[in-house]
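Q: Spelled out, the chains give:
There are 2 protein chains.
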Amino acid sequence: MTTTGPGRPRKQQAVRPGATARDEILDAAAELFTSQGFANTSTRAIADAVGIRQSSLYHHFSTKDEILGELLGGTVSTSLAFARAVKDGSEETGQELDPAARLHAVVLFDGLQLCTSRWNLGVLYHLPEARAEVFQPFMAARQELRTIYGDLGRELTALSDADPGLGDTAFRLVESLINLRADGLIAMDSASTTADTVMILAGLRQKIQAVRDASSELISRYGEANRRGEASESALAAESA
Amino acid sequence: MTTTGPGRPRKQQAVRPGATARDEILDAAAELFTSQGFANTSTRAIADAVGIRQSSLYHHFSTKDEILGELLGGTVSTSLAFARAVKDGSEETGQELDPAARLHAVVLFDGLQLCTSRWNLGVLYHLPEARAEVFQPFMAARQELRTIYGDLGRELTALSDADPGLGDTAFRLVESLINLRADGLIAMDSASTTADTVMILAGLRQKIQAVRDASSELISRYGEANRRGEASESALAAESA
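From first to last, the protein sequence lines are chains C and V. Residue 235 in numbering that gives the first Met the number 0 sits at position 236 of the first sequence; the count goes up by one each step and never skips. Residue 126 in numbering that gives the first Met the number 0 sits at position 127 of the second sequence; the count goes up by one each step and never skips.
Note that these hints are calculated values from the structure, not bench results. Some clues are possibly wrong.
Using 20 Å as the maximum straight-line C-alpha spacing, the simulated EDC-like pairs for lysine to aspartate or glutamate come out as follows [stated by the list, open to error]:
#, chain 1, residue 1, chain 2, residue 2
1, C, LYS206, C, ASP97
2, V, LYS206, C, ASP162
3, C, LYS206, V, ASP162
4, V, LYS63, V, GLU128
5, C, LYS86, C, GLU69
6, C, LYS206, V, ASP160
7, C, LYS86, C, GLU154
8, C, LYS86, C, GLU223
9, V, LYS63, C, ASP150
10, V, LYS206, C, ASP160
According to the in silico footprint, chain C covers these stretches of chain V (three or more CB under 8 Å from chain C) [claimed, not checked]:
#, segment
11, 32-38
12, 47-56
13, 123-131
14, 172-181
In this text, a Cβ means the ideal position worked out from N, Cα and C, and glycines have one as well.
In isolation and in its complexed conformation, chain C is listed as follows (with noise of 0.2 Å):
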């Protein structure tokens, strides 16, 4: 059946994940996107994937490259409330935490993000098109987590001889297992072991497993801390200050 109660029934039942009519059309973009390329997608064919008329989209979506923004804007919003928590983290909580430790927790939750995500958008990072004034915010928020990581990796390997663009060399691995993942070649462990890769160069790999510790102690917190709607709020007050 795909009549859903009174008014016009839609053309077929919801298949998508997702609460809202706004969530479906972004998963239906996002798959069309990632399989048939951007600019060979129109919202006609987005509307028909979700099922609903062209003009119901256009309630959600003014443009086709809004949709792509805010797609865009998903691949990094949630490793950023992340790094920010992880680089905010000593003032707020009044205890220093291991700089090797903050750095590989970033790394291994921004990497499973990328490996976990129901669609491999960050494909379409250097699309031509993503270059666009619509796409400034998600430039932004990119520039920013990039910076974090420079910073942890600077924090890391100023008490070392490792190489102080630690942090950028972080950043090109995890986003690689976007390529990686775009051949088909992601594998159980490549956000962990990517991390680990990151403490090697900073020549940690003789404390590994300590530091794989603390990490995942840091990433439990924060997702404790998330549940009771805490991390969410510090994540609010760092942007709107």
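Given the structure of chain C, go ahead and fit chain V onto it with the hints provided.
A: Structure of chain V alone, referenced to chain C:
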């Protein structure tokens, strides 16, 4: 003057690098694909950018896909020829080459290609459109290059406690130069820093200068053999084998 002798004059003077009309078409297509997007570029626009008629373009390439396939192939062919020569080097020259210098040289050589090519065509690797059958030669060449990285990495780490996935990490780091370039962040030393990073991952931080010296000697020797026409012959021999 745009007339260059008898016959139909070209619409405009050739301003693109390349000895032949075919090269000019490839150069114009590379510029348009990377700046406007592949799907947004018509063969008509490419012909216009060269200053020839669309029908003349079809004399050289029967489809836009064929142009993209040739451009993508060009991003790996030079590096693959070098990587093959390095891989087979010890047998051909009868002398054992240092495994660290071999991997360093392949990373540096490949990285330099990606950083200094006229257009940053690597941004087109993960276009959904580039997964079609017509791009199989490119995909196969890129896969062979990845395999050589993996082999050279294992050869090096067999002697140490370094990660046996070193070659794969090196391949990811080199290709991330494409992203760095798309973000406008390439520096003069990006390729050599990448090669050094791989050596640090291999645990060779203390020996880096010796590895660099042996690596650049290897690249020079290849360049010389290439000028004498030897390297390209051996590359061809490997191709037909």
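Q: Taking 20 Å as the top limit, are the C-alpha atoms of LYS206 of chain V and ASP160 of chain C close enough?
A: holds (14 Å)
Q: With a cut-off of 20 Å on the C-alpha distance, tell me whether LYS206 of chain V and ASP162 of chain C pass.
A: Within the cut-off at roughly 15 Å; holds.
Q: Three or more residues of the segment 32-38 of chain V near chain C by CB distance under 8 Å?
A: Held - the segment 32-38 of chain V has 6 residues with a Cβ nearer than 8 Å to chain C, which meets the minimum of three.
Q: Does LYS86 of chain C pair with GLU69 of chain C here, judged by a C-alpha cut-off of 20 Å?
A: Judged against 20 Å, a Cα distance of about 25 Å means the pair is violated.
Q: Is LYS86 of chain C close enough to GLU154 of chain C, meaning Cα to Cα at most 20 Å?
A: Since the Cα atoms of LYS86 of chain C and GLU154 of chain C sit roughly 11 Å apart, the hinted pair holds (cutoff 20 Å).
Q: LYS206 of chain C and ASP160 of chain V were given as a pair; does the straight-line alpha-carbon distance stay at or below 20 Å?
A: holds (14 Å)
Q: For LYS206 of chain C and ASP97 of chain C, compute the direct alpha-carbon distance and say whether it is at most 20 Å.
A: holds (12 Å)
Q: Mind checking, does the segment 123-131 of chain V have 3 or more residues with a CB under 8 Å from chain C?
A: holds (count 5)
Q: Do at least three Cβ atoms from the segment 172-181 of chain V come closer than 8 Å to Cβ atoms of chain C?
A: holds (count 7)
Q: Between LYS63 of chain V and GLU128 of chain V, does the CA-CA distance stay at or below 20 Å?
A: holds (11 Å)
Q: Holds or violated: LYS86 of chain C with GLU223 of chain C, Cα cutoff 20 Å?
A: holds (17 Å)
Q: The segment 47-56 of chain V covered by chain C? Criterion: 3 or more residues, Cβ-Cβ distance below 8 Å.
A: Violated - the segment 47-56 of chain V has 0 residues with a Cβ nearer than 8 Å to chain C, which falls short of three.
Against the hints set out earlier in the document, violations occur for numbers 5, 9 and 12.
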